[in-house]
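All chains should be modelled from the sequences, with the hints used to inform the complete structure.
Number of protein chains: 2
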Amino acid sequence: MSDLSQFLIPRGFKFGAAKAGLKQSGRTDFALIVADAAASAAAAFTANRVTAAPLTVDKEHLRATDGRVRVVAINAGNANCATGQAGLDAARATCSAIAETFNCKPEEVFPSSTGVIGVPLPTEKLIAALPDLAVSIGSEFDHFQQIASAILTTDTVEKTAFARLKITISQIDGPGEIEQEVRIAALCKGSGMIHPQLVPHATMLVYILTDAAIEPPALDTYLRDAIDVSFNRISVDGDTSTNDTVLLLASGASGVAIGAHHAEFASALTQVCTSLARQIVSDGEGITHIVELRIQGAASAADALRVAKAIAHSPLVKTAWAGCDPNWGRLLAAIGYSGANIDPNRIDVWFGELRICCDGSRAAEFDEVAAHAYLQQPEFSITIDLHQGDGSCTFWTTDLTHEYIRINADYTT
Amino acid sequence: MSDLSQFLIPRGFKFGAAKAGLKQSGRTDFALIVADAAASAAAAFTANRVTAAPLTVDKEHLRATDGRVRVVAINAGNANCATGQAGLDAARATCSAIAETFNCKPEEVFPSSTGVIGVPLPTEKLIAALPDLAVSIGSEFDHFQQIASAILTTDTVEKTAFARLKITISQIDGPGEIEQEVRIAALCKGSGMIHPQLVPHATMLVYILTDAAIEPPALDTYLRDAIDVSFNRISVDGDTSTNDTVLLLASGASGVAIGAHHAEFASALTQVCTSLARQIVSDGEGITHIVELRIQGAASAADALRVAKAIAHSPLVKTAWAGCDPNWGRLLAAIGYSGANIDPNRIDVWFGELRICCDGSRAAEFDEVAAHAYLQQPEFSITIDLHQGDGSCTFWTTDLTHEYIRINADYTT
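Note that the protein sequences, when read in sequence, are chains A and B. By this note's numbering, the letter at position 390 of the first sequence is numbered 390, and the numbering carries on one by one without gaps. By this note's numbering, the letter at position 343 of the second sequence is numbered 343, and the numbering carries on one by one without gaps.
Derived from the structure by calculation, the hints contain no laboratory data. Where is the CB? At the ideal position from N, CA and C, for every residue including glycine. Errors might be hidden in some of the hints.
Claimed, not checked - Reference excerpt, derived from the structure (chain B facing chain A, CB under 8 Å, subset only):
no.	residue
1	82
2	241
3	314
Laid out in structure tokens, this is it:
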């Protein structure tokens, strides 16, 4: 496996995971990403006004260091959310212990938690696991995969994505043009985290690493642009988590400096983020269909997104997809209450290449049997043209099934 | 049964229902409410921008007559929505035939439709049923109940509500004080209408009748005030229909004139509307729990409603209720993304009288077994205090169950 790491894993980072005893399953649940030296960092957090303690600490730390991170510490099995001052104290105590272990400032530690809400974080278990974890970290592909596994909860598969860029550099004083490599590696969890005891909650955690040298302000712009068309374009159940976190770290270990507006880097980052976003949707709780919504002809991009979200959050639409039911009337109703500017008599709908609705009424060529057959595919696309302007978006979502209810409603005391 | 009608049914109206052949079940599906003379009318319609053809016609007719209605014509089995110009033509043709039958203007007819979206309305079936229906109408309680049954779709029970007011009138030139009676009778459908073929859609239709004499402007104010705290305070699945209609008719046949700001009438009307709203929630598709949300301490009434709706629309919250799972963390997450102004550290949550969350963290007295037992009741209340101001609201909603999925996802070609 060490061969793979030569090509895939960004240089300048080490990885490791341990069993701290937070997951009832007994699996690994505490993971560290350790940069050889403090890395440039950009981060995005949930818009939920109820946020977990580590997010508060993360924001303080990024401010204090002007966007530098030495260690990312992720625990699964406990969200450290709705835990009040004790939760903040617990997150900070963990950071202090990690800083001591790795000889850095506590502010250079970026903590993340995912799991049960409202239960005190057992800091002592994390701190007890630290010494062994610190000596086991490494930079191989296997070490990276250990983290991808440790942060999972109800996810059924590990979710990673990789990109490599060849960057040609013209050297004035050197041997002419040279080609250098920049790597991006990313991992995430997200499905609708379920803990079969008290207060489960869906959470998405995403960590993206690169060995390019990028200063925090530019890194922030790259991250936001990529998020806008990836993680902000997916929905499984419409519930926004208290713990969602996306972190992008740049170690600079490739020796390749990347400034702002580097189109190839931006494109590679967006591809990595889009891949992870789609992996999250594909592993959505209980889903049987992945749906790509292509909204076009909206009065604005914001309107296109309103329409996509209304459809993606409609229980009637999502249950129809679960039944492969071509009831486009439910789509029209959701478009109607989305808040977007529309003319009901100018809406066109296609299932893949099949025109279903034309000018707001059933299309002349509508074929129920063909439409039903199309929706029986595990992945399909629905295109909606509002004929109001140039606004458009692509959005990925899922159906709503019996299995989702089973996962989230079954409660055993 | 004629005894009952003496007390419950407002004077000045006749009722009847027939089998026009729109429901696949073969049950009655075409209903008429006929006022002896044109009645004062106030109406409210869905905010959905995709609306059914009869709603367009209703609005035109109410404008043309300054709020007078002679005949309400309701068909179930076909929503006449997403049917384009043909749908408008169909609604108007039905109104013309009814106007001819009852010797009134077509503009005095108020059509309503509920059922399949996107399928042409078979006007000829409705018109063919008219002659027999016209001679069978009557003013007895039984006739009223025929309508309550004919307009149902996936509803499992008929939904009606009644109120009587004794109004004391001081007569200057007469025999002193006399007591007169005003009656209110209302019926509705709503559950999540399902038609197991093509494009089912949830729809609420509400008809409220009174024999008080009230002019349309005052009637409109009474209706809006009552709706605001009843029908606009319920949610089963968060999907806003294309056909929702609430109509209030005043025949004046009691001889009692009621002006604006009559507190007793307003209160009686609100009680009738609240009763129907709760009946709709109780008959929600597949539900096993009815939940009363009491939001208090919000920065504004609008904020209180935002919080209630976010909770009522959260699949994670609703599935937790289905499982009697006291996971208050899901409630906090929904409050957090509701858009309301909140302080996460000042949120209190009670299940009935049990305090669950205090200052945003688990309450010291939290007892999981007791909380679970409380949620096993078919009806329960959840109180949330945000400690931000005086805004409050009461809202009724339901859980989300396997049966909801079965009703809406099962598709048979």
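Results of checking the hints against the structure:
1. Because the smallest distance between the Cβ of residue 82 of chain B and any Cβ of chain A comes to about 5 Å, under 8 Å, the interface hint for this residue holds.
2. The beta carbon of residue 241 of chain B comes within 7 Å of a beta carbon in chain A, closer than 8 Å, and the hint placing it at the interface holds.
3. About 5 Å separates the beta-carbon of residue 314 of chain B from the nearest beta-carbon of chain A, less than 8 Å, and the hint is met.
The structure is consistent with each of the numbered hints, conforming to all of them.
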